[in-house]
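Line by line, the protein sequences are chains A and B. Using numbering that gives the first Met the number 0, the first residue of the first sequence is number 0, and each one after it goes up by one. Using numbering that gives the first Met the number 0, the first residue of the second sequence is number 0, and each one after it goes up by one.
No lab work stands behind these hints, which were simulated from the structure alone. A virtual CB, placed ideally from N, CA and C, is assigned to each residue, including glycine. Among the clues, some could well be false.
[Stated by the list, open to error] Example chain A residues on the side facing chain B (calculated, C-beta under 10 angstroms, incomplete): (1) 70; (2) 72; (3) 80; (4) 83; (5) 112; (6) 116; (7) 134; (8) 152; (9) 153; (10) 181; (11) 208; (12) 211; (13) 291; (14) 294.
Read off the chains here:
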Amino acid sequence: MTFRLDQLPKKKYVLPGNAACAGCGMMIGLRVLGMALGEEVVLIVPASCSSVVQGLAPKSSIAMPVLNVPFASAAAVATGISEAFKALGVRGHAVVWAGDGSTVDIGFAAVSGAAERNSDVIYVMYDNEAYMNTGIQRSGSTPKYAWTSTTPVGKREQKKDVALMLAVQGAPYVATANIAYPQDFYRKLKRAAEIPGFKFIHLYAPCPPGWRFDPAKTVEVARLAVETGVWILWEYDRGAFRLNPPSTIYRDRAKRRPLADYIKIQGRFAHLSDEEVRFIEEEVEAKWQRIAKFLE
Amino acid sequence: MKTLATRKIALTGNYAVAHAVKMAKPHVIAAYPITPQTSIVEKLSEFVERGELKSSFVNVESEFSAMSVVYGAAMAGARAFTATSSHGLLYMYEVVWWTALSRAPVVMAVVTRTIGPPWNIHVEHNDILTLRDTGWLVAMAGDVQEAFDLTLQAFKIAEFAVLPMAVGLDGFILSHSTEPIELTPQEVVDEFLPPRRFDVPVAFRPGVPVTFGNLPSDNRIHARHKAALYNAHQDAKELIRRVDEEYGKLTGRSYGGLVEWYKCEDAKYVVVCTGAWCSDGKAAVDRLRARGMPVGLARLRFLRPFPAEWLRRLDLYDVVIVYDRDITPAGGVLGLEVKSVLSRAKVINIIAGIAGVDFDVSGFYETVQNAIGGKYGEVEFVI
Ligand SMILES: Cc1ncc(C[n+]2csc(CCOP(=O)(O)OP(=O)(O)O)c2C)c(N)n1
Ligand code: SF4
Ligand SMILES: [Mg+2]
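This is chain A alone, in the form it adopts within the complex (with noise of 0.2 angstroms):
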């Protein structure tokens, strides 16, 4: 599927006047979102900076159907909302729109739940890699050795790899995304929304006060996100795996950049050592080293 962004529809899925902060990773990823399914979703969105972005009642800067509910319960919400829609004969797509925190964690017997039951979801699971509503405290999605407010001193524990968790579960489809590359989430979106069951996708979105960066720079340390190979992206489409460009070039290691241009523009890592950045860098090999096992 090619297409061009500006070429899409024009309406405004996400109005001015958010609640968002300059420069925010997330709003890109929802806007794109908007102009994939706006017309044919509801918005499912547990606590998160999701919820204070929409702005204050009885205004809304979120042009799309939204239910905010607790913190964990998104994916089972979603699938009550998919269930009702399909014995009340309503067309569109239950989407929960969802924080890595809300995911990861304390709603992941959810989330895992729904995607055993193969629950007819579509989950965006934008991942800002900790706590960013109540302050940047760590969540399980948060990157070894980066700075949060209750990482004092980096955290010493890996990030988990949920997508890669669902994908071994056996969910119909489940990929990663990166708002550096909005015709890429388009496509994923567009996909997911063909499948009938359970699809994740799992939606890399920088944030510049949570990760101590220059609001300038989002789609940049997005984008050197995947050129540095930290972040990786692929789809898994009902038994097929496959990286999509541009991480396909990124699978020899000689091709990436330089892991410390994707730390130094960071705050959050600004504490690393060579040595630890060299250690990050093997561990990023590691993590191609998997995903190579389920490419074969």
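Guided by the hints, dock chain B with the ligands onto chain A, whose structure is given.
Positioned in the frame of chain A, the structure of chain B with the ligands alone reads:
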């Protein structure tokens, strides 16, 4: 009008609830097992498997998700049902509140059971009483027939009051004991229960940009929303009466108001209780009356809406003996609530039957006499 055959059939309390749910034809049912509730959802899954009930039957991974599923379904305009007990109800508690403040008309059966530790599956009312502040309507069945009738009425009450409703039945005492009951014919149920309006509480549809539950620009918006919930409970009192009256006309069975008065007209002493053991209480009243003691009984059919107007009438009696099958550090819940609306009558709060301890007709018979005879303090444990 053609006459419709009323079927009489022997059912356990749980199966009676399942039959009522089947007749209400919910679009979505969420199920998670916990004793003594489990046989309700097992029976429903059978109905669905056999094609007798066309619901979406969702097996979830926790009660938290069970409540989330029926919440989502109700927000999308569907009729939705789940059932739980004890720890299951506690586990879903956050969504229980969210459901009420969303005004989602979910119906839930709560088969009452103790809260641990230790693990104990027997009856107690502390679990369902945790609903008292949430905004749910809460009823307690007195027998299997009423469990059936209340479940059917609950769908109509919930959908017209735009509030979730819980129907309580005592674990094992009602849930697992078999009584012959009358099943309302399906045609009558269809006449009684109109189709679910999809736009209650909101029209939540793709292409209609409604945002529900974002931060308020003024906290008074939220405050008014909460006040509206209180007001909805006050309005529900008349609604419950009307629904029951209409149900009575169609089925020949009606229960009156939020409180059932048993032999209270000429009484000096009144027993107050809720749930299945009220039958034992009534039998004790009969025995005491046979010995010339002017005792009556008030059975609380509904705990929410709070039946303040009914309970105030208790001030006409000399001694009000409130039986709680629950305990909090401040006393029994019913005892505290009854006291809160009385100014004259002497109130004695007896805590009995907690943790599933047996308490029968003779228990009532003896303790009522002790209470009247001045042998008890304000709060008395009978264990
Ligand atoms: C049960 C519960 N616990 C804690 C919170 C407080 N809380 C609200 S949002 C949030 C963090 C959300 O993190 P994430 O899901 O990553 O979304 P983000 O804010 O980063 O967008 C927390 C802890 C809550 N709302 N509910
Ligand atoms: S804190 Fe980060 S994720 Fe949240 S609104 Fe601001 S930029 Fe976006
Ligand atoms: Mg986050």
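Using 10 angstroms as the Cβ threshold, decide whether residue 291(A) counts as touching chain B.
violated (32 angstroms)
Let me know if the C-beta of residue 112(A) comes in closer than 10 angstroms to any C-beta of chain B, holds or violated.
holds (3 angstroms)
Given residue 152(A) was flagged as interface, is its beta-carbon under 10 angstroms from a beta-carbon of chain B?
violated (33 angstroms)
Go through the hint on residue 80(A) and say holds or violated, using the shortest Cβ distance to chain B against 10 angstroms.
holds (4 angstroms)
When the least beta-carbon distance from residue 72(A) to chain B is tested against 10 angstroms, hint result
Constraint on residue 72(A) satisfied, holds at 4 angstroms.
How about residue 83(A): closest beta carbon in chain B under 10 angstroms, or not?
Since chain B brings a Cβ to about 4 angstroms from residue 83(A), closer than 10 angstroms, the hint holds.
Report holds or violated for the interface hint on residue 134(A), using the least CB-CB distance to chain B and a cut-off of 10 angstroms.
violated (16 angstroms)
Chain B contact restraint on residue 153(A) - CB to CB distance below 10 angstroms:
violated (32 angstroms)
Does the closest beta carbon of chain B sit nearer than 10 angstroms to the beta carbon of residue 116(A)?
holds (6 angstroms)
So, residue 211(A) near chain B? Judge it on the closest CB pair being under 10 angstroms.
At 26 angstroms from the nearest chain B Cβ, residue 211(A) fails the 10 angstroms test, so the hint is violated.
Let's test the interface hint: is any C-beta of chain B closer than 10 angstroms to that of residue 70(A)?
Hint on residue 70(A): holds, closest Cβ of chain B at ~8 angstroms, below 10 angstroms.
Should the hint that residue 208(A) touches chain B count as held when the rule is a Cβ pair under 10 angstroms?
Since chain B brings no Cβ nearer than about 19 angstroms to residue 208(A), farther than 10 angstroms, the hint is violated.
Checked against the numbered hints above, the structure violates hints 7, 8, 9, 10, 11, 12, 13, 14; every other hint is satisfied.
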